[in-house]
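**Student:** This is what each chain is made of:
Protein chains: 2
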Amino acid sequence: MTPAESTKAEELIKDLNWRYATKKFDATRKIDAETFAAIEEALRLSASSYGLQPWKFIVVTDPEIKKQLSAAAYNQSQPGDCSHLIVLARIARVDQAHVDHYVDFVGQVRNLDSEKKAAYGGMLTNFVKNTPDAARDVWAANQCYIALGFLLSAAAALGVDACPMEGFDKAAFDRILDLPAKACHSVVLCPLGYRSADDHYADLAKVRFPVSEVVISV
Amino acid sequence: MTPAESTKAEELIKDLNWRYATKKFDATRKIDAETFAAIEEALRLSASSYGLQPWKFIVVTDPEIKKQLSAAAYNQSQPGDCSHLIVLARIARVDQAHVDHYVDFVGQVRNLDSEKKAAYGGMLTNFVKNTPDAARDVWAANQCYIALGFLLSAAAALGVDACPMEGFDKAAFDRILDLPAKACHSVVLCPLGYRSADDHYADLAKVRFPVSEVVISV
Chain S
683 MTPAESTKAE ELIKDLNWRY ATKKFDATRK IDAETFAAIE EALRLSASSY GLQPWKFIVV
743 TDPEIKKQLS AAAYNQSQPG DCSHLIVLAR IARVDQAHVD HYVDFVGQVR NLDSEKKAAY
803 GGMLTNFVKN TPDAARDVWA ANQCYIALGF LLSAAAALGV DACPMEGFDK AAFDRILDLP
863 AKACHSVVLC PLGYRSADDH YADLAKVRFP VSEVVISV
Chain P
683 MTPAESTKAE ELIKDLNWRY ATKKFDATRK IDAETFAAIE EALRLSASSY GLQPWKFIVV
743 TDPEIKKQLS AAAYNQSQPG DCSHLIVLAR IARVDQAHVD HYVDFVGQVR NLDSEKKAAY
803 GGMLTNFVKN TPDAARDVWA ANQCYIALGF LLSAAAALGV DACPMEGFDK AAFDRILDLP
863 AKACHSVVLC PLGYRSADDH YADLAKVRFP VSEVVISV
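In order, the protein sequences belong to chains S and P. Sequential numbering from 683 applies to the first sequence in my numbering. Sequential numbering from 683 applies to the second sequence in my numbering.
No lab work stands behind these hints, which were simulated from the structure alone. Just so you know, not all the hints are guaranteed correct.
When chains are identical, the list treats them as one kind, so a pair holds in a single copy or across two.
Distance condition first, Cα-Cα at most 20 Å in a straight line; then the derived PhoX-like pairs of lysine-lysine [to be verified]:
1. 888 with 799
2. 798 with 705
3. 798 with 712
4. 852 with 749
5. 798 with 696
6. 690 with 799
7. 799 with 705
8. 852 with 798
9. 888 with 852
10. 811 with 864
11. 690 with 864
12. 799 with 864
13. 705 with 864
14. 696 with 811
15. 798 with 888
16. 690 with 811
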């Protein structure tokens with residue numbers, strides 16, 4: 683490692699130790715536009731299987747909607763008090779139409795002729811054909827969890843607090859946000875913003891099993 | 683944003699644009715111990731729901747085993763040619779024993795008395811009680827996908843190439859790595875190392891749907 687690489691590695695680990703699941707946000711502090719744009723871009727750049735990006739990211743800043751979503755998250759305060767609430771949603775169905783749309787877009791970005799596009803699309807069509815609907819829905823949700831990892835890492839790097847949340851009423855979220863009409867379904871939440879000065883969770887020691895327990899070297 | 687924050691945001695986005703799913707690794711280049719330790723630490727620091735960390739990370743560097751795993755990944759070269767192959771595995775079952783173990787560990791790290799430990803554990807016991815086995819297995823796998831996001835972000839920050847892979851024979855991986863005996867099951871792979879100079883995928887334009895398509899502002 684060069685000294686510059688060492689510094690970067692130290693900073694990465696420091697940032698990841700700084701982050702924690704924020705239980706109480708400072709409702710008065712908002713993420714500035716430039717910082718949020720960087721987080722949104724990191725989210726957009728997330729990896730997904732085949733590159734299919736089977737997701738929508740709902741960014742909620744409307745105070746009234748955030749209040750409703752807080753209620754639908756079993757009255758947890760974070761969706762209401764955060765600056766930007768991200769709802770990571772999977773598209774309703776990864777189907778041939780999505781594959782066609784994606785392959786067209788790849789062709790456009792990479793300037794592929796129709797033969798190359800057909801070759802590229804064939805593999806994806808087989809995936810759609812050979813995977814049951816329900817399994818593709820689970821698969822799409824999995825990709826949202828990858829994106830959540832990118833989102834949490836980016837937020838930590840930029841000093842923005844976050845709280846990944848699975849505890850919410852998905853049907854209520856979908857209804858409040860009118861997601862079926864947008865052809866997607868909520869999977870997992872990530873309120874973003876800044877920790878409240880009196881969130882005592884911020885001071886608790888981080889609990890991670892030791893390497894000796896979670897890593898198996900072969 | 684301060685100038686320092688701007689620089690960090692630019693670097694983050696540059697790193698994420700630099701990464702791509704590496705199709706061909708340089709089999710002669712190995713990740714140095716210090717760099718790998720930082721990546722492993724980032725992985726260990728990944729977020730998980732309730733903090734339960736229902737995972738094991740199998741780090742494979744044995745050339746003979748890597749070759750077998752490459753064959754079990756439909757002969758894709760990356761598991762064999764990479765420097766370190768990470769198999770992200772879920773623990774076989776998130777059960778009361780895991781909850782008890784976790785709560786004991788939390789108590790140890792945070793110096794909790796038995797009353798506080800019981801309060802902490804109650805919520806987790808309810809989760810185990812009220813969630814069917816199969817749903818908890820899916821849930822544990824989801825957490826591995828979050829960890830994959832952390833892993834890919836960390837590797838990109840440290841200039842290490844990676845290739846997330848879902849296309850492999852899970853039963854064969856479990857068998858070759860003897861995972862049932864280690865009470866876990868493979869979920870997703872991430873070979874790490876350095877791109878081969880002739881991996882032409884490195885030069886292709888990144889394909890991501892525009893913000894206007896994937897972000898819905900509310």
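**Student:** My question is about residue 852 and residue 798: at a cut-off of 20 Å on alpha-carbon distance, are they close within one copy, between copies, both, or neither?
**Tutor:** neither (40 Å within a copy, 30 Å between copies)
**Student:** Checking residue 798 and residue 696: alpha-carbon separation at most 20 Å within a copy, between copies, both or neither?
**Tutor:** neither (45 Å within a copy, 28 Å between copies)
**Student:** For residue 690 and residue 811, with the copy left unspecified, which applies at a CA distance of at most 20 Å: within, between, both, or neither?
**Tutor:** For residue 690 and residue 811, the Cα distance exceeds 20 Å both inside one copy (44 Å) and across copies (43 Å).
**Student:** As a check of your reading, is residue 888 near residue 852 (CA-CA no more than 20 Å) within one copy, between copies, both or neither?
**Tutor:** Result: close neither inside a copy nor across copies, 29 Å intra and 32 Å inter.
**Student:** Indicate which option fits the pair residue 696, residue 811 if close means a Cα-Cα distance not exceeding 20 Å: within, between, both or neither.
**Tutor:** Close neither inside one copy (45 Å) nor across copies (36 Å); limit 20 Å.
**Student:** With 20 Å as the alpha-carbon cut-off, assign the pair residue 888 and residue 799 to within, between, both or neither.
**Tutor:** Answer is between: at 16 Å across copies they meet the 20 Å cutoff, but 48 Å inside does not.
**Student:** At most 20 Å between alpha carbons: which applies to residue 852 and residue 749, within, between, both or neither?
**Tutor:** Answer is within: at 15 Å inside a copy they meet the 20 Å cutoff, but 43 Å across does not.
**Student:** Indicate which option fits the pair residue 799, residue 705 if close means a Cα-Cα distance not exceeding 20 Å: within, between, both or neither.
**Tutor:** Result: close only across copies, 19 Å inter versus 47 Å intra.
**Student:** At most 20 Å between CA atoms: does that hold for residue 690 and residue 864 within a copy, between copies, both, or neither?
**Tutor:** neither (40 Å within a copy, 34 Å between copies)
**Student:** Using 20 Å as the alpha-carbon threshold, which applies to residue 690 and residue 799: within, between, both, or neither?
**Tutor:** neither (39 Å within a copy, 37 Å between copies)
**Student:** Reference check for the pair residue 799 and residue 864, CA-CA at most 20 Å: within, between, both, or neither?
**Tutor:** neither (27 Å within a copy, 43 Å between copies)
**Student:** What label fits residue 798 with residue 705 when the C-alpha limit is 20 Å: within, between, both, or neither?
**Tutor:** between (49 Å within a copy, 18 Å between copies)
In this structure, the earlier hints numbered 3, 5, 6, 8, 9, 10, 11, 12, 13, 14 and 16 are contradicted, and the remaining ones agree with it.
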